[in-house]
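There are 2 protein chains.
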Amino acid sequence: MKKRLTFIFILSLISHQSLLAQNILGFDEKNVKKQLALEAQFDAGLNPQNLRSWMQRMTSKPHFVGSQHDRDNAVFMRDLFRSWGYEARIDTSYTLFPTPKIRQLELLGPVPFKASLTEPALKEDVTSSQLKDHLPTYNCFSADGDVTAELVFVNYGRPDDYEMLEKMGISVKGKIVIVKYGQSWRGLKPKLAAEKGAIGCIIYSDPKDDGYGEGDVYPKGPFRNENGVQRGSVLDLPVAPGDPLTNGYGHTKNAKHINYQEATTIMKIPVLPISYNDALPLLKAMGGRVAPKTWNGQLPITYHIGPGPAKVHLKLMFDFKIEPLFNVIAVMKGSEFPDQWILRGNHHDGWVFGAADPVSGMVAVMEEARAIGELAKTGWKPKRTLVFCAWDGEEPGLLGSTEWVETNQDELNKKAVVYLNSDGNGRGFLSAEGSHTLEKFFNEIAREVKDPQKGISVSERLRAYIKVNGSPENKKDIQSQTGFRIGALGSGSDYSPFLQHSGISAMNVGFGGEDDGGEYHSIYDSFDLYTRFKDPDFSYGITLAKTMGRSVLRLANSDVLPFDFLGFSNTVQKYGEEVKKLLETKRAQTEENNRLIKEGSFEAAVNINEPLSEKLLDEVPYLNFAPLENALTRLSKSAENYALLSKNTGKLSADKLNSLNGILFHAERYLTNPTGLPARPWYKHQIYAPGFYTGYGVKTLPVVRESIEQRKWKEADNGIQTISQTLNGYSDQIDKAAELLK
Amino acid sequence: MKKRLTFIFILSLISHQSLLAQNILGFDEKNVKKQLALEAQFDAGLNPQNLRSWMQRMTSKPHFVGSQHDRDNAVFMRDLFRSWGYEARIDTSYTLFPTPKIRQLELLGPVPFKASLTEPALKEDVTSSQLKDHLPTYNCFSADGDVTAELVFVNYGRPDDYEMLEKMGISVKGKIVIVKYGQSWRGLKPKLAAEKGAIGCIIYSDPKDDGYGEGDVYPKGPFRNENGVQRGSVLDLPVAPGDPLTNGYGHTKNAKHINYQEATTIMKIPVLPISYNDALPLLKAMGGRVAPKTWNGQLPITYHIGPGPAKVHLKLMFDFKIEPLFNVIAVMKGSEFPDQWILRGNHHDGWVFGAADPVSGMVAVMEEARAIGELAKTGWKPKRTLVFCAWDGEEPGLLGSTEWVETNQDELNKKAVVYLNSDGNGRGFLSAEGSHTLEKFFNEIAREVKDPQKGISVSERLRAYIKVNGSPENKKDIQSQTGFRIGALGSGSDYSPFLQHSGISAMNVGFGGEDDGGEYHSIYDSFDLYTRFKDPDFSYGITLAKTMGRSVLRLANSDVLPFDFLGFSNTVQKYGEEVKKLLETKRAQTEENNRLIKEGSFEAAVNINEPLSEKLLDEVPYLNFAPLENALTRLSKSAENYALLSKNTGKLSADKLNSLNGILFHAERYLTNPTGLPARPWYKHQIYAPGFYTGYGVKTLPVVRESIEQRKWKEADNGIQTISQTLNGYSDQIDKAAELLK
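In the order they appear, the protein sequences are chains A and B. Heads up, the first sequence is in UniProt numbering, so the first residue is 1 and it goes up one at a time. Heads up, the second sequence is in UniProt numbering, so the first residue is 1 and it goes up one at a time.
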C-alpha cells in the first residue's frame, strides 16, 4: 500500500507541475488559459440525459434511407441545431437505393428446407415488434438473380481462402458459395466469388464470430441469437463509395446519371445474408472434403467444403429506385477565419433502429454542438467556422457524405481544415485513427479527457490496455513513448470521401471494447440492448463528446493550426520499412515454396486425407527503393527543420500567420494524386487507402504494398516512383511553411 | 519436368555412391555385407496378411485386464512365439484392478437429466454389438464416491487453467468440476481438482478435440461420435506407474502389499468420463461467468464457468479386486553374448477391442519375431539375446511392464542393453523418441526403410514433413542436418519402467498422422474402424516391423554397440540452454507482471465484462548455472574424445571389446540417481521424465526445469548440482570406454 501511495504522489506532483506550465499545441502562451477555461466550461455543460432522450426518440422506428423516420430525424436534428444557434439546413442529394421485392432461399435436397429469413420479435426488446415498413434482411446492391446450384463453403471468402481452395482442387465455378461474415468487407465476399465464377452468394453469421461463441445471446446477453441477421451493403466500396450511378460527382437534383445496369460498383451476382438457424441445415447437408480446421465455426457439425450434395435455390429481386439523402449541415461562422472550416460528423441513418450504429455516436455529436451553442450564447465565438454534419445513407455505402463531398468539392478544397468523424460508441477504450499530422494534437486532447470508470485519462487507459494486451512489438513501443500512436484510416465510415478522395486531414474516434455484442445490423440493435449492455449511463457518450468537442474547440481557436510533420514523417518512415520488409518476406516465402516443390518435400509431406497441390511461384525481383528512401529522408529533414523554426510562430504578422495556416491545412491535399490508385481512380490519397481485397482494413502506401502483395512487380516499381514524387511535393509544402518562419 | 529429372538423377547418383561405401554404425567393415543381406532376407519374409488375421482374432472380444480374452490372447501369442522357435512363457504378476459396480450421473436442475453412460452398437461395426462382459465407460483408479454439488467448468484442468480461475476469483472448493479431455494426462485432471478442493470430477470429450470438429464421426468417418467415451486410467502416473499396492517392487504371487485405501497413486475423488451427448445438458445448464474464448469447444452453447446453477449428483462404486497380469516373454538366446539382452515390446491389453490401441503395434512385434524366427530356422543366430515382450495391463497404468521390470530389476540391470517399444500404429509419418545415444543409430535405420506410399525412406518423408509443417525453428534446424532429431520420452507407454526407473536405454517408435480418429479407448476402436481408416492394407504395420526388426537385428549383431555420445551431448547441451532461457523468460515475465501491477496498468486495462485480479510475483533470483556449464563442457569433450578413438575398435581383443560393450550399455544407468526426482522417487532418470503437472509430456532435466516452472528456486539450485554430478559420473563412463581404446 505504501509503495502505491508514493507512486500516486509522484504522479500528482508531475501533473501539478505540468499544469503550471501547460502548453497547447498551436496556441500562443497568452491564449492558453482562456482556451482551457473555455474547454472546462464546455465540459460542464454536457448532459448524458440529452443523449439518452435523443437516442430513444431517434431509434423508436426504423430510419433507413428513404424511410419516413429517416426524414423525420433529419428535420428533428436540423431544428435542434437551429435552436442552439446554428445556421442549419438539410442538403438533399439523391442515390440509387435498391430494396428487396423477392427473397427466397431453399435447400432442395438431400433434406428440403426453406430459410425463414426473418428476425422474430422479443418481449424483452420493445422496438423489435415495431417493424412496420422496416427493411427485411438483405444485402444492399446485390444483383437480381434466380439461381440453382450446389453449395461450396469458402470460409470468409478472402483471397487466401480461394488460394487454399485452389490447392485443394475445388472450384466454385457455376456454384453458389456459402461464406462466413467477418474478416473482410462484406462486399468483397460476393465480388471475389463472382470473379471465381460463382453464380450466387450466401453470407451467414457463424455463432463463433458474434454469437454464442462470444457470449450469451440476446436477450440474455448482447450477442447474436440464432435468428439475428447482419444486413449490410455489398457495394464495391474499395473501388468507390457513394451513389453507384454518379461515381466521382454529386448526385444533385437534376444530375445526369447512368442506369443501374451500367453501374460497376454493384455486385454481379445475387447475394443474401442469413442467420445461423437458416445456415445450419445448409451446412449440415454438405459433403465433399472436410474443411481445414482453421475454417471451423462453432456450429455442431463437421464443416465440409462441398461442392454439394446440398443444392439450393436462391431467388432475389430488387426495386432499383432512386431515393433522396438528407444530410443535415449546421454551421457556426468563424469570427476571424470564416473560410477555414472545422467539420465534425456522424451518420444518422440506420439499417433498422440503429441504436449503437450510428445513433450512439450521432447523439454525442449533437451534444457537442449544443454545448458549443451554449458557449456561443455567452458571447464567445470560434475563430474558425464550425460545420456539424449528420450524414444520411452511410450504411448503403457512405452515400450521403460522398455525394455531399463530391457536390461541394471546390469549396471544400479551399476551406476544409479537418474532418472529425465518429460512427457509434460504447463503453471501453479509446480508439483513434487518422492523419498522422494530427497525432501529436490528438495525444494532447486524450491526455486531458478522463475515463469515466477509472478516473485516469483516456490516453493513460489506452496506454495501459496496450501495455497489458498489446502485441510484443506494441508493448515495447508503448514503453518508449509518453503517448500512443494513432492508427491509419481504411474505410467503413464517412471520413473516406474527405480524406481519401479529397486530401482533407481527418480523424475517426470512438470508445469500445467493453461493449461487445452481436446486434450489428439486426433489428436487435435497439435502445433496449444499448442501454442494457453498451453504455447504460451514456458516460462514454459524454466522454466522446468531451474528446471531440475539445478537438473542435482547439482546432477552431488555435493560433497556428496544430499539424505536426514530425509524427507524420516518423510514421511514413515506418511504412517504408514495412513495404521493404514485405518484399523480403515474399522473396523468402517464394524461395522456400519453390525449393520445397523442387526437392519434392511438398509431395512427400502431403497428408493422404488432406492432399494439397502446391504451385511454383514467379521469382521475386529486387526493387529500386532508393527514390522512396531519398524522399523519406528529405521529408524527415523538412519536418525537423519546420519543427525547429516553429518556435518563431509568435513573431509572425497576421498576414503571414494566415498564409502559414493556409499552407498547413492544404498540405494533406499534396498527398493525393489526381489520377488516383490503380484500378480505382476515386481513391486519390497515396498514403492511406482501404485494402483492395480487404475493404475495411487499411493499406498504407497502397500502390506499393498491394502491388507487392499481388505480385505485380512492375506496378510496385512504378508505385515507388509515384509515392516518392508525392512525398517530395509534400515536403515542398513543409519547406514553404518553414520559409515563412525564417 | 526436365529440372525435376535432373534432380532425381543427381540423388540417385549419390545414393548409389553411398551404397558402395556403406557403413553401419557398430559393425566392422567385414560384417556389413552379411548384416545387410540378413536384413533384406528379414524384410522379404514379412507378410501383412499375418497382421490382419492376428488383429482380427485378438480384437474379436474385449481383452482388458482380468478378462478371459486377455488371458486367451496371452496364451495364443505364447504358443505362436513357441512355434517360431522362441523359448516363450507367460510371466504372471498381480495388481489391484478396480472395475465399476455403480455408475450414476444426474443433473438435478434446473432441467433434470440422467446421463446415459453407454455406447450403442452400430450396424456398420461388427464387434460393437459383442459387448458381453465388457468394461463399461469409467476411469480406472477413481475413488468411490457419492457426491452432490454445483458444477464448475475448468477447461482442460491444467495448472494454467486454475491460475486463470484464481484470477477470475472462482473456486472449485466443494464443487464438482467438469473438464475437457486432452492437453494433459487424464489422471492430472482429478488430481489437480482434488488439490484445489473439488469433491468430484467429470471428464468429457469435446467435439472440437476429437469429434465432429476434427472430421466426420463414426461410422461415416473415424472421429468420435456423440456417444463415444474415452475410458482410461487416472492413476497418478507422473508419481509412479505400476500396481499402486506395490510401488517400487514387483507384485509377485505372494508379495506383501498395502491395502488400496492406503495407496497414494489412486485418486482421492470420484471421477467419471462421459460423451458429449451426456455433457451437453450439463454444460448448457451452467451459468456464471462466460469462459475465456480460448476455453471454448465446439458445442452449440456459450461455455460458462459456473459455479452452478447446474447441480449434479455423481455416484461411483468400484470393486477393488486383485487381478493377474499375463506378460508374454519370448526369448531367443544370443550365440555370443547371451547375457546382453535386446528387448522389444508392445502391450496386448485393450480397454475394449483395442484394435488401434494396442493391437496394431502388437501384431507388428509378432511379425518381427516370426520373421526373425524364420531366419533362425536357416541356421542364423543373433549374437545377443532377443527378448520379445507382450505386456498386459498397460492401459490401467503400465502395470504389466512395471511389475515385470520391478520383479526382474537385478537381472535387467546386468543384462538389458536396450528396450524398444511401440504402442499402436497407423498410416503416416515416422515418430521416434528415445535415448539420444541411439539417435545416430536410429537415423541409419530410418534411412533404409521405405515409406510404402511414397517410395522414399521414412527418414526422408519425416524430413519433408518437418520442412513443410515444422515450426520456424525446426524448419531451420532440419535444413542444417542430413537426418532428424529424435524426441525425448515422457510417459504413457511401457518404456517408462525401463528408461526412467532403471536407466535402460529405450526408444518408442510408431507411424501416424494420416490415421487420425476419435475411437481412442471407446468400443469403436475396432477391427472394422481400423481397416477402414487407419492402415487398411497393414502396409504401415509392415513398415513398423521393418523399422524395429532391423533395429533389433543390428543391436543384436553389432560388433560394438551403436551408442553415440556426441548426439547425446549435443542434445543435453540444448536442454541446458533451454533451462537457462526459461529462467530468463520467467524473470522478464515476473518483472513485467509486477511493473504492470505497480504502475496500475492491469487495473486500468481490465475489461469490465471480464475482470481479472493479478498478483505480485516473487522476484526471480539468478541461479548458479556454472556447475552445469562445466559438466556439459566436460561431457562434450569426453564424447568428442571417444568419437575420435572409436576408429580403433577394430583392433580390440575380444575381452576388451566385451568390456567396452558392457560400459557402453551400462552408461545410461549412470544418468539415474538412486533417490529419484523430488516428490517422486520412482522416477530415477535425471535427463528425461514425464512432467509432474503434464503427465504425458516430457520434461528434460526435470529437477531444474520443473523447479523453475514451479518457482522453487532453492530446489532448482540443488537440481543444478544433482544434474551436474550425474553428468560428471556419466562422463566418467565415457572416459572409461575411451581408455580401453587407447
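Hints listed in this document are in silico derivations from the structure and should not be mistaken for laboratory results. One thing to keep in mind: the hints can contain errors.
[Claimed, not checked] Think about it this way: if two alpha-carbon atoms lie no more than 20 Å apart in a straight line, the pair counts; the simulated EDC-like pairs of lysine to aspartate or glutamate are: (1) Lys-467(A) / Glu-603(B); (2) Lys-475(A) / Glu-226(B); (3) Lys-293(B) / Glu-473(B); (4) Lys-476(A) / Glu-610(B); (5) Lys-467(B) / Glu-150(A); (6) Lys-220(B) / Glu-610(A); (7) Lys-475(B) / Glu-150(A); (8) Lys-450(B) / Asp-537(B); (9) Lys-586(A) / Glu-715(B); (10) Lys-293(A) / Glu-603(B); (11) Lys-467(B) / Asp-717(A); (12) Lys-467(A) / Glu-592(B); (13) Lys-167(A) / Glu-514(B); (14) Lys-268(A) / Asp-133(A); (15) Lys-454(A) / Glu-584(B); (16) Lys-454(B) / Glu-599(A); (17) Lys-476(B) / Glu-150(A); (18) Lys-475(B) / Asp-146(A); (19) Lys-475(B) / Glu-603(A); (20) Lys-580(B) / Glu-715(B); (21) Lys-580(A) / Asp-717(A); (22) Lys-475(A) / Asp-516(B); (23) Lys-114(A) / Glu-150(A); (24) Lys-293(A) / Glu-715(B); (25) Lys-475(A) / Asp-216(B); (26) Lys-284(A) / Glu-610(B); (27) Lys-467(A) / Glu-610(B); (28) Lys-475(B) / Glu-592(A); (29) Lys-454(A) / Glu-610(B).
[Said to hold, decoys possible] One-sided and incomplete, this derived list gives chain B residues near chain A with beta-carbon spacing under 7 Å: (30) Val-290; (31) Thr-294; (32) Trp-295; (33) Ile-301; (34) Thr-302; (35) Ile-322; (36) Gln-409; (37) Ile-456; (38) Gly-470; (39) Glu-473; (40) Ile-597.
The C-beta atom is built at its ideal place from N, Cα and C for all residues, glycine as well.
Quick rundown of the hints versus the structure:
no. : hint                    : in the structure
1   : Lys-467(A) / Glu-603(B) : holds (11 Å)
2   : Lys-475(A) / Glu-226(B) : violated (44 Å)
3   : Lys-293(B) / Glu-473(B) : violated (28 Å)
4   : Lys-476(A) / Glu-610(B) : violated (25 Å)
5   : Lys-467(B) / Glu-150(A) : violated (37 Å)
6   : Lys-220(B) / Glu-610(A) : holds (17 Å)
7   : Lys-475(B) / Glu-150(A) : violated (40 Å)
8   : Lys-450(B) / Asp-537(B) : holds (16 Å)
9   : Lys-586(A) / Glu-715(B) : violated (47 Å)
10  : Lys-293(A) / Glu-603(B) : violated (36 Å)
11  : Lys-467(B) / Asp-717(A) : violated (33 Å)
12  : Lys-467(A) / Glu-592(B) : holds (9 Å)
13  : Lys-167(A) / Glu-514(B) : holds (18 Å)
14  : Lys-268(A) / Asp-133(A) : violated (27 Å)
15  : Lys-454(A) / Glu-584(B) : violated (34 Å)
16  : Lys-454(B) / Glu-599(A) : holds (14 Å)
17  : Lys-476(B) / Glu-150(A) : violated (43 Å)
18  : Lys-475(B) / Asp-146(A) : violated (50 Å)
19  : Lys-475(B) / Glu-603(A) : holds (16 Å)
20  : Lys-580(B) / Glu-715(B) : holds (15 Å)
21  : Lys-580(A) / Asp-717(A) : holds (12 Å)
22  : Lys-475(A) / Asp-516(B) : violated (39 Å)
23  : Lys-114(A) / Glu-150(A) : holds (15 Å)
24  : Lys-293(A) / Glu-715(B) : violated (42 Å)
25  : Lys-475(A) / Asp-216(B) : violated (42 Å)
26  : Lys-284(A) / Glu-610(B) : violated (34 Å)
27  : Lys-467(A) / Glu-610(B) : holds (17 Å)
28  : Lys-475(B) / Glu-592(A) : holds (10 Å)
29  : Lys-454(A) / Glu-610(B) : holds (15 Å)
30  : Val-290                 : holds (5 Å)
31  : Thr-294                 : violated (12 Å)
32  : Trp-295                 : violated (11 Å)
33  : Ile-301                 : holds (6 Å)
34  : Thr-302                 : holds (4 Å)
35  : Ile-322                 : violated (44 Å)
36  : Gln-409                 : violated (43 Å)
37  : Ile-456                 : holds (6 Å)
38  : Gly-470                 : violated (10 Å)
39  : Glu-473                 : violated (14 Å)
40  : Ile-597                 : violated (9 Å)
Checked against the numbered hints given earlier, the structure breaks hints 2, 3, 4, 5, 7, 9, 10, 11, 14, 15, 17, 18, 22, 24, 25, 26, 31, 32, 35, 36, 38, 39 and 40 and satisfies all the rest.
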